[in-house]
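Note that the sequence shown covers residues 536 to 825 in the working numbering.
These are computed hints drawn from the structure, not numbers from a lab.
Heads up, some of the hints might be wrong.
For lysine-lysine, the following DSSO-like pairs were computed, each having C-alpha atoms within a straight-line distance of at most 30 Å [stated by the list, open to error]: (1) 809 / 591; (2) 594 / 748; (3) 731 / 751; (4) 768 / 697; (5) 591 / 731; (6) 591 / 621; (7) 697 / 591; (8) 768 / 615; (9) 731 / 748; (10) 768 / 621; (11) 748 / 697; (12) 751 / 615; (13) 624 / 594; (14) 751 / 768; (15) 751 / 621; (16) 697 / 751; (17) 817 / 748; (18) 751 / 591; (19) 591 / 768; (20) 591 / 624; (21) 615 / 594; (22) 748 / 809.
As the structure is a computational prediction, the values presented were derived from the model and not from experiment.
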Amino acid sequence: MVLVVVFFFFQAEDGIRGTSVTGVQTCALPICIGKTFFCLSCAVALANGETFLSYKADKPVPVLYLDGEMQATAMQERLKQLTNGKPTKETLSIFTPDCQDLTDHIPDIGAPNGRLEIDELVNTVNPKVVFIDNISTFIRTGHENEGDSWSPVQEWAVQLRKRGVAVVFIHHANKEGKQRGSHKKEDVMDIVIQLKRPDDFLQGTDDTRMMIKYTKSRHMGAFDTQDIEATLKDTNGSLQWTWEAGDLSCQRAIDLLNDGLSMAEVGDELGVSKSTVHRGQKIALEQHSI
536 MVLVVVFFFF QAEDGIRGTS VTGVQTCALP ICIGKTFFCL SCAVALANGE TFLSYKADKP
596 VPVLYLDGEM QATAMQERLK QLTNGKPTKE TLSIFTPDCQ DLTDHIPDIG APNGRLEIDE
656 LVNTVNPKVV FIDNISTFIR TGHENEGDSW SPVQEWAVQL RKRGVAVVFI HHANKEGKQR
716 GSHKKEDVMD IVIQLKRPDD FLQGTDDTRM MIKYTKSRHM GAFDTQDIEA TLKDTNGSLQ
776 WTWEAGDLSC QRAIDLLNDG LSMAEVGDEL GVSKSTVHRG QKIALEQHSI
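Produce the complete structure using the sequences and hints provided.
The structure is reproduced here in structure tokens:
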């Protein structure tokens, strides 16, 4: 299973460089890869006007994060770790079901009343960016496999764009790593990002690591769309991101091939697939580094 994150970014002057805020983006992550950490880190960077991985927010902007899954205490703890307990420069507002009255419900933006409820929150908070985490919890009307069910949500997002508000949709994908349901969601996307585990990731023994790959990048240069391997580490209760450009599993395969190991030995050593080793060998031959 994979998660797809769909970014509707508008107003370029308020955006993160490398993730243009004009148009729409998509991003995909495997389950338990650190989806909420990644999205919250994006939100914090926007609210602080700071760098996140290879991206740079030009200035602080108010952010509204709508969460339909996490416990409020867990969200609070994660934000504390990501910000070192310091307030953001602009308001970062969090909506979570745990903090609502027992009679309240998660708004269903697949229905007109749900979209109106979110509009009221937007009018109250006045954010530049809205994160909706995720489509499964916030869109319950209609059928995922029917493109027509997405049409009113898409039109609503376009109306927010006209108001200068960016919308971030976080969505589950299918077992093949593609987004779950209708592909109509991608029709208006300017940027599609896939996040997945590195091939040599070891569950339970490794840091939180993810590969960030652009599969669609309208209005972006080659440098801004290069692959990134990002790592999230807990250092004395503070969460810190590090990153390097390129597919590091391929680079590690290249290094071992240069050491004289066979392709089978490289695969066994790194715990990666043969396709990863072949990809590393192909890159190395193209770069004359092997």
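Hint by hint, here is what the structure shows:
1. 809 / 591: Given pair residue 809, residue 591 is violated - Cα atoms ~36 Å apart, limit 30 Å.
2. 594 / 748: holds, 25 Å
3. 731 / 751: holds, 16 Å
4. 768 / 697: With Cα atoms ~38 Å apart, residue 768 and residue 697 exceed 30 Å; violated.
5. 591 / 731: holds, 22 Å
6. 591 / 621: Holds, because 19 Å separates the two Cα atoms, which is no more than 30 Å.
7. 697 / 591: With Cα atoms ~24 Å apart, residue 697 and residue 591 stay inside 30 Å; holds.
8. 768 / 615: holds, 14 Å
9. 731 / 748: Measuring from Cα to Cα gives roughly 8 Å; hence the hint holds.
10. 768 / 621: Holds, at about 19 Å.
11. 748 / 697: Since the Cα atoms of residue 748 and residue 697 sit roughly 29 Å apart, the hinted pair holds (cutoff 30 Å).
12. 751 / 615: Not OK: residue 751 and residue 615 at ~33 Å, beyond 30 Å, violated.
13. 624 / 594: OK: residue 624 and residue 594 at ~10 Å, within 30 Å.
14. 751 / 768: holds, 29 Å
15. 751 / 621: At roughly 35 Å apart (the allowed maximum being 30 Å), residue 621 and residue 751 break the hint.
16. 697 / 751: Within the cut-off at roughly 23 Å; holds.
17. 817 / 748: holds, 18 Å
18. 751 / 591: Holds - the C-alpha atoms of residue 591 and residue 751 are around 20 Å apart, at most 30 Å.
19. 591 / 768: holds, 20 Å
20. 591 / 624: Within the cut-off at roughly 15 Å; holds.
21. 615 / 594: holds, 21 Å
22. 748 / 809: holds, 20 Å
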